[in-house]
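A.B. asks: Letter by letter, the chains look like this.
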Amino acid sequence: MTGSLKRVTIVRRRSGWFDLDLRRAWGHRDLLFLFALRDIKVRHKQTLLGPGWLVLQPLVWTAVFTATVSGVAGVSTANQPAPLFYLSGLIAWAYFSQVIHATSQVFIENEHIFSKVYFPRIIVPLSSLISNAVALLIQFLVVLAFLIAFQWLGKADGLSWRIVAFPMVVLHLAAFSLAIGLLLGASTAKYRDLAFMTPFLIQVSMFVTPVLYPFSAIPEQFRVLASFANPLTAIVEEGRWCLLGESMLSPGQLLASLFTTSVALGCGVLLYQRVERTVMDTI
Amino acid sequence: MSSLKEEIHYFLDRLRGKRPARRSGEFYALRDVTFSIPVGSVCGIIGRNGSGKTTLLKVLTSITEPDEGEARLRGRVGSLLEVGAGFHPELDGIENIYLNGGILGMSRSEITSKLDRIIEFADVGAVMETPVKRYSSGMYVRLAFAIAAYLEPDILLVDEVLAVGDADFQRKSLAKMKDAAGEGRTVLFVSHNMAMVRQLCDMAIFLEEGCVKQIGPSSAVIDRYLLASTPQSVQVQRTETDAVWGELRVVEPSTETVCPHLKFGGDYDFVLRLGAKQPFKRGVAQVRILDQEGVLISSLESLAEGVDQFDISEVVEVVFSVRSLGLLPGTYLAGYSLYAWGEEEARLSAEACLSFEVIPATVNDAYWPYLREHGIVRLAHSANLRYPLLSPQLSDPAGLASRPEGLPPVE
Numbered sequence: 001m002t003g004s005l006k007r008v009t010i011v012r013r014r015s016g017w018f019d020l021d022l023r024r025a026w027g028h029r030d031l032l033f034l035f036a037l038r039d040i041k042v043r044h045k046q047t048l049l050g051p052g053w054l055v056l057q058p059l060v061w062t063a064v065f066t067a068t069v070s071g072v073a074g075v076s077t078a079n080q081p082a083p084l085f086y087l088s089g090l091i092a093w094a095y096f097s098q099v100i101h102a103t104s105q106v107f108i109e110n111e112h113i114f115s116k117v118y119f120p121r122i123i124v125p126l127s128s129l130i131s132n133a134v135a136l137l138i139q140f141l142v143v144l145a146f147l148i149a150f151q152w153l154g155k156a157d158g159l160s161w162r163i164v165a166f167p168m169v170v171l172h173l174a175a176f177s178l179a180i181g182l183l184l185g186a187s188t189a190k191y192r193d194l195a196f197m198t199p200f201l202i203q204v205s206m207f208v209t210p211v212l213y214p215f216s217a218i219p220e221q222f223r224v225l226a227s228f229a230n231p232l233t234a235i236v237e238e239g240r241w242c243l244l245g246e247s248m249l250s251p252g253q254l255l256a257s258l259f260t261t262s263v264a265l266g267c268g269v270l271l272y273q274r275v276e277r278t279v280m281d282t283i
Numbered sequence: 001m002s003s004l005k006e007e008i009h010y011f012l013d014r015l016r017g018k019r020p021a022r023r024s025g026e027f028y029a030l031r032d033v034t035f036s037i038p039v040g041s042v043c044g045i046i047g048r049n050g051s052g053k054t055t056l057l058k059v060l061t062s063i064t065e066p067d068e069g070e071a072r073l074r075g076r077v078g079s080l081l082e083v084g085a086g087f088h089p090e091l092d093g094i095e096n097i098y099l100n101g102g103i104l105g106m107s108r109s110e111i112t113s114k115l116d117r118i119i120e121f122a123d124v125g126a127v128m129e130t131p132v133k134r135y136s137s138g139m140y141v142r143l144a145f146a147i148a149a150y151l152e153p154d155i156l157l158v159d160e161v162l163a164v165g166d167a168d169f170q171r172k173s174l175a176k177m178k179d180a181a182g183e184g185r186t187v188l189f190v191s192h193n194m195a196m197v198r199q200l201c202d203m204a205i206f207l208e209e210g211c212v213k214q215i216g217p218s219s220a221v222i223d224r225y226l227l228a229s230t231p232q233s234v235q236v237q238r239t240e241t242d243a244v245w246g247e248l249r250v251v252e253p254s255t256e257t258v259c260p261h262l263k264f265g266g267d268y269d270f271v272l273r274l275g276a277k278q279p280f281k282r283g284v285a286q287v288r289i290l291d292q293e294g295v296l297i298s299s300l301e302s303l304a305e306g307v308d309q310f311d312i313s314e315v316v317e318v319v320f321s322v323r324s325l326g327l328l329p330g331t332y333l334a335g336y337s338l339y340a341w342g343e344e345e346a347r348l349s350a351e352a353c354l355s356f357e358v359i360p361a362t363v364n365d366a367y368w369p370y371l372r373e374h375g376i377v378r379l380a381h382s383a384n385l386r387y388p389l390l391s392p393q394l395s396d397p398a399g400l401a402s403r404p405e406g407l408p409p410v411e
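Quick mapping for you: the protein sequence lines, in order, are chains A and B. With this note's numbering applied, the first sequence closes on residue 283, and no number is skipped along the way. With this note's numbering applied, the second sequence closes on residue 411, and no number is skipped along the way.
Beta-carbon label-pair distances, calculated as ranges: (1) B/PRO388 <-> A/ARG29: 57 to 65 angstroms; (2) A/ILE108 <-> B/THR34: 33 to 41 angstroms; (3) B/GLU357 <-> A/ARG12: 39 to 47 angstroms.
What the hints contain is simulated information worked out from the structure, not anything from laboratory work. Every value quoted in this text rests on a predicted model; they were computed, and no experiment measured them. Ideal Cβ positions, reconstructed from N, Cα and C, are used throughout, including at glycine.
All chains, full assembly: derive it from the sequences and hints.
C.D. replies: This is how it looks when you write it as structure tokens:
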């Protein structure tokens, strides 16, 4: 009897915080790529430069920083050529800001589709991780081009096998960005004014993360604390280590950052799933 | 929405293990709803607005979680709570087919195999390649429904989606749902349209204030629903002057029971009961049927129907027998006037003393009911098909059809 072979869906209240129904989420994994593809396509429809903006923006910022922060203000760039220094930090920070910008209002922005069709809501933030990763990849290639150019010019010598570890850095970055995004998304679903925090948070993060200044500028005794409080600190430094070679990052700081990232991610996922269940009744 | 303070209190109560009292502003949208629907049935879910029908569908589709209880759905579940869920305005028709189809649960390969049929069903033409934001609302709805129509789930949950779109679209969608039922799929259909529910569904569930009032064969449940929507006692208004009084009722001919709901195409008597306190000579009665805005639709005239001027000594009833009611579904008003023959001014008049509703129904075992948008009145008619034979010259100038094979065409 074919009837007995059919999948049975059980609808019931999910009890407690840990009842995550991950099997259902896995069943909908196709949607991840569908949404990521949609976001990428839509971003470039009817635009003049299309993906060109992904390259242009960080280059412009790098030029600005090189001229002002390094040139005028004279802030150290840790013995690296200024453009390389800023670019490598920027691409990580840009990914973080794009992801949390996309995810912080996820329930409010997608209300019309969430209220009409079912799919695990976590798919939307996850898909923004993927669509922004494509942008990150393009920017990474730009950095690579710069690295090769500077290497050939003899101004830098950081390019090495370490670059292979970059995907790990991306994973760490993605995990943390997702964590903050989920926490924000879950909070703004219930209390809309928290959405005002997001642009503020993005701007503050650029300053509290060593994008414009080197990690070494943080006094030694505070480095672990800094990595613990703002995991991006270590993430950016990890990125710099992969791409440029030099780094002051110690295993302790790395661990502190990973710890905070995992805790944040865990809380983010749990809170998000909890809010997801009944958000459509209150949004 | 509870405030932060309430939230904290609630949370602390839960931690302490206390079962907290219901928070302010809460009520049960569904209560003790229990039913099972056998494979292959089409079940209608009916009830007033706010009775919990849409909430029930939202729970069954996992859009919102139940507070208590469990539902089991065997097979693939497809839902149409709104057509075009997930459509992105910047993407074109084909891209949206893949997007919407994916959201509804179809795999990419499945969509590709059905793509041609979907495009054909949608019938939007060349605009397939342009962004959906340029489509007219009709095209949009047709495309969206086409995708959903080919979803082919084991269980289909439909929420009054058919209320949107023109009559043509509604016809197509109803046909598709009937097909689904024929293929052995289970359909749950939330609707306000009793005629559609009667046509399509073999069973129905009547919800009222979140509780199941009745569940069973659709006709019985629909009748129970209509009965519940009717005020129990119908007050008949009496209009009177010093000399005469009058009462107007609409009754069912055989039973003489008063009906506030008339079935389209049914037989009813408009009974005007007149009484005279002093003898009244040579009366002429007129009953007027008006629409909700007071526009006169039809007058029922005693004199025009062959009833001579009548005398009223005590009480008389003028019975206007309407057969095969041609008034299309809607709400109507009725009034009347009593004249004495030869006089301009009515002796007794009531503008709109009675209100009644005509509910949709089919005629002559037809598949499709008459609905509000067909106009105001149905002219008595019947429809037939015939295939005329045209003369050979006109339809077939080259003579290709009638010439046997092998012979050259006629000049």
